[in-house]
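Can you build the whole structure from these sequences, using the hints too?
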Amino acid sequence: MNPNQLTEQLGLFLDVLESGSFSAASRRHPLTPSAVARRIDSLESAVGSQLFIRSTHAVRATPAGLAFAERARRIVAELQLARAEAVSLSSAPEGLIRVDAPAAFGRRHLAPVIADFLVLYPGLDVQLHLIDSFVDMDGSNLGKVDLVLRAGQMADTRLVATPLASIVRIACASPDYLKRRGVPGEPAHLSEHDGLDWDGLAPPFAWRFAQDGQMQLHRPARVRMSANNAEALVCGALAGLGIAHLPTWLASEYLLRGELLPLFCENGLPTPESAGIYALRLQQQASSRSRLLLEYLKTRFSPVPPWDLALQRELGRH
Numbered sequence: 004m005n006p007n008q009l010t011e012q013l014g015l016f017l018d019v020l021e022s023g024s025f026s027a028a029s030r031r032h033p034l035t036p037s038a039v040a041r042r043i044d045s046l047e048s049a050v051g052s053q054l055f056i057r058s059t060h061a062v063r064a065t066p067a068g069l070a071f072a073e074r075a076r077r078i079v080a081e082l083q084l085a086r087a088e089a090v091s092l093s094s095a096p097e098g099l100i101r102v103d104a105p106a107a108f109g110r111r112h113l114a115p116v117i118a119d120f121l122v123l124y125p126g127l128d129v130q131l132h133l134i135d136s137f138v139d140m141d142g143s144n145l146g147k148v149d150l151v152l153r154a155g156q157m158a159d160t161r162l163v164a165t166p167l168a169s170i171v172r173i174a175c176a177s178p179d180y181l182k183r184r185g186v187p188g189e190p191a192h193l194s195e196h197d198g199l200d201w202d203g204l205a206p207p208f209a210w211r212f213a214q215d216g217q218m219q220l221h222r223p224a225r226v227r228m229s230a231n232n233a234e235a236l237v238c239g240a241l242a243g244l245g246i247a248h249l250p251t252w253l254a255s256e257y258l259l260r261g262e263l264l265p266l267f268c269e270n271g272l273p274t275p276e277s278a279g280i281y282a283l284r285l286q287q288q289a290s291s292r293s294r295l296l297l298e299y300l301k302t303r304f305s306p307v308p309p310w311d312l313a314l315q316r317e318l319g320r321h
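Going by my numbering, the letters in the sequence shown line up with residues 4 to 321, in that order.
Rather than coming from a laboratory, the hints here were simulated on the basis of the structure. Keep in mind the model is a prediction, meaning the values are calculated, not measured. Some hints here could point you the wrong way.
As the list claims (entries may be wrong) - Quick list of simulated restraints, FRET-style, between CB atoms:
(1) 189 <-> 125: 45 to 55 Å
(2) 179 <-> 309: 20 to 30 Å
(3) 260 <-> 8: 37 to 47 Å
(4) 178 <-> 213: 22 to 32 Å
(5) 230 <-> 179: 19 to 29 Å
(6) 309 <-> 57: 23 to 33 Å
(7) 238 <-> 317: 15 to 25 Å
(8) 285 <-> 95: 24 to 34 Å
(9) 285 <-> 41: 35 to 45 Å
(10) 52 <-> 226: 45 to 55 Å
(11) 59 <-> 125: 45 to 55 Å
Virtual Cβ for every residue (Gly too), placed ideally from N, Cα, C.
Following this line, the structure appears as structure tokens:
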């Protein structure tokens, strides 16, 4: 199997793990669901272990599958990085890369990855500008910077968007709140609870849950606190004020420590949103050093973001 075939096979496995179904994974590849199932069967035969438990409603990873995913993700990352290094400058890359990114995501996830990147490439420098906005998709700072990280639906054809990570959103609350008010058994029960919500324009998938093949809106009846910043909603959830519907890139650390408890995750993580986290640039050709950083970011954030892999492992233990 050549490196491209290996990357594709392992990427398909990770897509099934992330999406929880052969059908959802097939939509990311030019394959039918049955073809995806056959390839997973072939991979299980090659590995010599069952990687997934199949049911009529979902596909869930076995403990062996979750362990294999950690190795698979590292292999895919190394292959992608090797390819990026092979097509980068023939001599050691040098110069400045200017990056504009949302503050919350930048602090939690981007800055540590960029630090690792700079250790690998001593001749490169990064100027990282962290701002409050995460949903401004117009790329207004492009031209002043080389790359802009944003989340949301892409519409502006002036821009080239490189997908970096999917977005998964989880309803969650503190153990104290759930002890006092009870655990909602399904999204429809949210109307009996207090919540924390956005002040003004909410993200498109906030309080929307997949039920019977459709996205349905269910939200708490009383809003104890509203804010125009998701980090503020985390503070309210940790204080036991109510239920929040948060992206996993923001909530994962609190969920893993048990400071927040996930709701409606009996079958694993919810399906990722159609929108994602992107690196934007103008249509003009990116510099070789910017392309190198882009490839490195992809190896660290995709096909399944590390914060979601950690949550999948945690949910698999219960």
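Against the structure, the hints come out as follows:
no., hint, in the structure
1, 189 <-> 125: 45 to 55 Å, "53 Å, holds"
2, 179 <-> 309: 20 to 30 Å, "28 Å, holds"
3, 260 <-> 8: 37 to 47 Å, "39 Å, holds"
4, 178 <-> 213: 22 to 32 Å, "26 Å, holds"
5, 230 <-> 179: 19 to 29 Å, "20 Å, holds"
6, 309 <-> 57: 23 to 33 Å, "26 Å, holds"
7, 238 <-> 317: 15 to 25 Å, "22 Å, holds"
8, 285 <-> 95: 24 to 34 Å, "26 Å, holds"
9, 285 <-> 41: 35 to 45 Å, "42 Å, holds"
10, 52 <-> 226: 45 to 55 Å, "47 Å, holds"
11, 59 <-> 125: 45 to 55 Å, "54 Å, holds"
This entry satisfies every hint, going by the numbered hints stated previously.
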